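Undergrad: Using the working numbering, count along the sequence shown one by one with no gaps and you end on 778.
No wet-lab data here; the hints were simulated from the structure. As the structure is a prediction and not an experimental result, all values here were calculated from the model. From the three backbone atoms N, C-alpha and C, an ideal C-beta is built for every residue, glycine too. Hints may contain errors.
Claimed, not checked - Distance ranges between label pairs, derived from CB positions:
| # | residue 1 | residue 2 | range |
| --- | --- | --- | --- |
| 1 | I739 | L713 | 29 to 39 Å |
| 2 | Y705 | L655 | 42 to 52 Å |
| 3 | I637 | L667 | 27 to 37 Å |
| 4 | T701 | K659 | 48 to 58 Å |
| 5 | G699 | L603 | 18 to 28 Å |
| 6 | N618 | G658 | 43 to 53 Å |
| 7 | I637 | I776 | 12 to 22 Å |
| 8 | G621 | S599 | 31 to 41 Å |
| 9 | F717 | L667 | 22 to 32 Å |
| 10 | I600 | E702 | 34 to 44 Å |
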Amino acid sequence: MEKHADFSKGKLFPLILKFSIPASISLLITAIYNIVDRIFVGNFVGNTALAALSICFPLSFIMIAFGLMCSAGGSTLFTLFRGKNDEVSANLSFGNAFTMTVIFEVLLTLVLLFFSNTFLKIFGVTETTYDLSLKYYLIVSFGCVFQGLTLVLCDFVRVSGNPILGMAVTGIGAITNIILDAIFVVALGWGVEGAALATVIGQ
Numbered sequence: 576m577e578k579h580a581d582f583s584k585g586k587l588f589p590l591i592l593k594f595s596i597p598a599s600i601s602l603l604i605t606a607i608y609n610i611v612d613r614i615f616v617g618n619f620v621g622n623t624a625l626a627a628l629s630i631c632f633p634l635s636f637i638m639i640a641f642g643l644m645c646s647a648g649g650s651t652l653f654t655l656f657r658g659k660n661d662e663v664s665a666n667l668s669f670g671n672a673f674t675m676t677v678i679f680e681v682l683l684t685l686v687l688l689f690f691s692n693t694f695l696k697i698f699g700v701t702e703t704t705y706d707l708s709l710k711y712y713l714i715v716s717f718g719c720v721f722q723g724l725t726l727v728l729c730d731f732v733r734v735s736g737n738p739i740l741g742m743a744v745t746g747i748g749a750i751t752n753i754i755l756d757a758i759f760v761v762a763l764g765w766g767v768e769g770a771a772l773a774t775v776i777g778q
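Build the full structure now, drawing on both the sequences and the hints.
TA: Here it is as structure tokens:
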């Protein structure tokens, strides 16, 4: 990006608000994918399906945590190098964060898939909800890479001086999830599988 954000000018508190509020909203939006799925499934599929999705709620936070590990660290290094006018190191920090995110999220996907029964037991799955929980869990697990890269890209856009753009991108994903939930769950009747697909595509 040719134009850099100048953090040395202006009052500190407004600058903090300018960047922290969009970042907080972005994280909030990221965390509500499962909640949106539950609203549609609870109203149009049934209580058992709703319980199945509720059991899988911790899965969202596991995915977010791994994405934040790379995005927060990488974007911090990026801003430090930008402040020193070291563009080579700044670009390298972005490349490293991107690569590490892909690697970690692919590994996370494999772990989640291989130990699916173990994780579902930890989440509190029951015999009644097991089949539906497993269907949702397996599909959403394939969205790890997309979730992680969204966090990384939005974080780097934000620290480059465009916090609103980063928030907008996250918002578009959430709106896409809502629209696809309506299509897959309500119109097509795909149930928990449709809700899971909507989440992965939205991410």
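Undergrad: Next step is simple, just say for each hint if it's right about the structure.
TA: Consistency of the hints with the structure:
1. I739 / L713: 29 to 39 Å: holds (35 Å)
2. Y705 / L655: 42 to 52 Å: Holds, since Y705 and L655 (Cβ atoms, about 47 Å apart) stay within the stated range.
3. I637 / L667: 27 to 37 Å: holds (28 Å)
4. T701 / K659: 48 to 58 Å: holds (55 Å)
5. G699 / L603: 18 to 28 Å: holds (24 Å)
6. N618 / G658: 43 to 53 Å: Because 49 Å falls inside the window, the suggested range holds.
7. I637 / I776: 12 to 22 Å: holds (20 Å)
8. G621 / S599: 31 to 41 Å: This hint holds: roughly 34 Å between Cβ atoms.
9. F717 / L667: 22 to 32 Å: About 29 Å separates the Cβ atoms of F717 and L667, which means 22 to 32 Å holds.
10. I600 / E702: 34 to 44 Å: holds (39 Å)
Going down the numbered hints, you'll see the structure goes against none, and every one checks out.
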